[in-house]
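Chemist: For this one, chain A is given, so just place chain B on it according to the hints.
So the sequences go chain by chain: A and B. For the first sequence, the working numbering assigns the number 1 to the initial residue and increments by one for each residue that follows. For the second sequence, the working numbering assigns the number 1001 to the initial residue and increments by one for each residue that follows.
Each hint can be trusted.
Taking beta-carbon pairs under 7 Å as the criterion, some of the chain A residues facing chain B (in silico):
1. LEU24
2. LEU94
3. LYS125
4. VAL131
5. PRO137
6. ASP238
7. GLN241
8. GLY287
9. ALA289
10. TYR290
11. THR344
12. ASP347
13. TYR348
14. SER352
15. GLU358
The calculated lysine-lysine pairs, modelled on BS3-like cross-linking and capped at a C-alpha distance of 30 Å, are:
16. B/LYS1250 <-> A/LYS125
17. B/LYS1086 <-> A/LYS2
18. A/LYS125 <-> A/LYS44
19. A/LYS44 <-> A/LYS168
20. B/LYS1086 <-> B/LYS1037
21. A/LYS125 <-> A/LYS168
22. B/LYS1037 <-> B/LYS1212
23. A/LYS2 <-> B/LYS1037
24. A/LYS168 <-> A/LYS53
25. B/LYS1212 <-> A/LYS2
26. B/LYS1086 <-> B/LYS1212
27. A/LYS125 <-> B/LYS1249
28. A/LYS125 <-> A/LYS53
If you're looking for bench data, these hints aren't it; they were derived computationally from the structure. Cβ coordinates follow ideal geometry from the N, Cα and C atoms, glycine included.
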Amino acid sequence: MKLNVERIELPNGLIVLLSENRALPAVSISAAVRTGERFVSDEKAGLASLAGKMLDEGTTSRTAHQIASAIESVGGALQTTGGYATTSVSVTALSGDLDQGLELTADLLRNPLFPEDRLQLEVGKRLAEIVARQDEPQIVASEAFNEIIFAGTPQHRPLIGYEQTVAKLTRADLLAYHQRFFVPNNTILALAGDFSVAQTARRIEQLFADWEPTPQLSLPEVPRPQRQQPVTRFINRDKEQVNIYLGHLGIERSHPDYHALRVLDTILGDSPGFTSRIPRVLRDEQGLAYTTYCHLARSAGIDPGRFVAFIGTSPENLEQAVSGLRQQIESVVVAPPTTAEVETARDYLTGSFVFEFETNAQMASFMISAEIHQLGSDYPLRFLSEISRVTADEVWRVAQQHIAPDKLTLVAVGPVEAEENQ
Amino acid sequence: MITFTESTSRTFDITRGVQHSRLPNGLTVLTKEIHQKPVVSSIIWYRVGSRNEEAGLTGQSHFLEHMLFKGTDRLAKGEIDLITLKHGGSNNAFTDTDFTAYYFNFASDRWEVALEIEANRMINNTFAPEEFESEKQVVEEELRIGLDGPWELLDQEVWAAAYRQHPYHNPVIGWLQDLERATRDEMEAYYRQWYHPRNAVLVIAGDIETEKTLQRVHDLFGEIPPGPEPKPMLLTEQPQRGERRVIVKKQTEVERLQIGYHAPQIAHPDAYALQVLDAILGTGRTSRLHQRLEERDQSVTHYSVDYYDRIDPTLFLVRAEVRPDRQTADVERAIYEEIDRCQQSPVSDEELARARQLIRARFILGNEQASSQAITLGYYETIHSYEYLSGFFGKLDAVTADAVQRAAQRYLTADNRTVGWLVNGD
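So that you can see chain A by itself, here it is in the shape it has in the complex (with noise of 0.2 Å):
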């Protein structure tokens, strides 16, 4: 399997990743800086979210209400988002109206201004937000898993930030945050989709070409988490279901295991249906949950991700959940899984890997990740090798290396009683 994709770098350091595809008159746009709210402090909690929220609030030239009737008069899908490593802007939209799509997203991310009144309208709105999301339970049992697993790192905290810290946000420091990390030396454009590649790509020249790069860019150091004691952790909600986590702290995508984690993750928790163990047992045998799950490789990023079990299921069976959990966790460390788990599970991840690329905004994700994370133009030949060489060995190291089943941080939020012990 090979993807057809041109990469270019302009002289002022901007990627620029092109892929053709002629299936249907649509074009997906998406534009990733390489910054989030690993580089922002705990007193700004949720700047960087606000950020990205508010790229398309109002830009040196377009007012937000010109922004948005110019892509919805043409039908087409804009979303701006401040994550945690990337800040993106996508564009969907009819190939007709790519040119549109294109100069839409140049303004976005040059020339945003965070208008004070769109600054007010967007904060009010996080603030109660903020307070809406205490109404759901599993929301509420992630955050506070987070705040455990990824203490002394910005990853601890929810991306949209806290009450107080989001309150005092000013525009200023909107401004300022812009200014530091939003330059073409620290940006990935990404274009899948019915277009001609030589055609845009001049026409991405002339957008972006006078885009001024910060020559020395000096990004902040993000502090390496390290795995923390363990923790227990109740809290009380008037809710029918308890929603469970357990876990601890994960890898980074760069590390060599990541391969064989799939597969252990596979075997484990993380499959279609109900094949992997967690919800096979846990779910299928003992009918303790409609949700459940358990992974380490998927949430690995440019900074380790975490390794969590999930159950939402009714109070009385909590025991026997969290025990449930913790035996399958358990199992994979004491004995190698079997010849023929790690073949259908090899089997599953090569087989599938071709419904990463169906969708241009798939397509154009893929694109981004590839070179976030240097994986190579080769990568999806080399995953699919990478995943064939897995032995049954070699998940049995790996999951012993990277699971400490005796290190779980457990919460569960619902009808139990509040109640903490280290």
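Modeler: Just chain B, lined up with the frame of chain A:
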């Protein structure tokens, strides 16, 4: 090249290249060759959902969907998932008011295994009693997830109040008490009643050869007996004569509002104008409710307008999540004021053009994958006819500002609405 793409975007017709056929036993088959990616999506649809359930037996369609993964005469429990995994594919199923559907997505060199599974479980599901009991717990947990979410309970109460006679009264997942007392034998009888070729639509889209595919369908499904004539669902809802209001109490700091107006079914002459009205009121940041609620009043964190095609008259829904420092009554009043504006004067040409273009472009952009095309085609064939889609954009273009105004006047009235509030009930 640019001229070419513009003309294709104007003429994108999802039904182009679809072959419609019917086996002697009544099975409807839609195939569509899409060769851009080496993948195939196959989905089988049964015309049965919560709409066909009787009092005391609600949730049966959805529970049955779960049981179709629990073993047949040839496939042990878990084997369908295992085969899917080994073949590097994905599968799942979904149940709604009007249908139950099962899908597989595979690479095109191995997809036919999906047909073998569907042909087998169409008539040979075994319903082992211990599997039935264990899966019942799983479905009950699924129901509890819904009860714990911020919206599901309110949605359920609004539909239940808006419909008294018609089965859209019932939640798709069923009422907990019905689920708890459901029996294996009732479920098998329900399966025998509804799962057979005459009540099914099979859709296969992707990197296939039509002739070879149809031959394979014939070989695998051709011998299955047609089954009984599907029992028609005859219940209709009486016109509503006056507003209905429901209050739902739950632990929450954020009040939520849902308003449902009785509105017509798929392909009704007024349905197209209501879809345009849906877009004008609720789609995008230029929409009227966005401008009013999020920008001017700044009274909500989130709102939505939903109007879906169903077999029978449905609800045109408006939802809003109210900011903690605002009053739900004010948000409700603002929504009525915006609706009133749509009734008092025609929408502008610009709004009309924008709404049409949004609906058209979102349809095209939403049907990028073979699997999404298979879902769209199968959905319409199951509730109406897939050919509805080929005429859809023409009908949309024919919608006038007058028609939108008349639709607002006719359907979005106080007497025709059911209003639900979710409030804190500590």
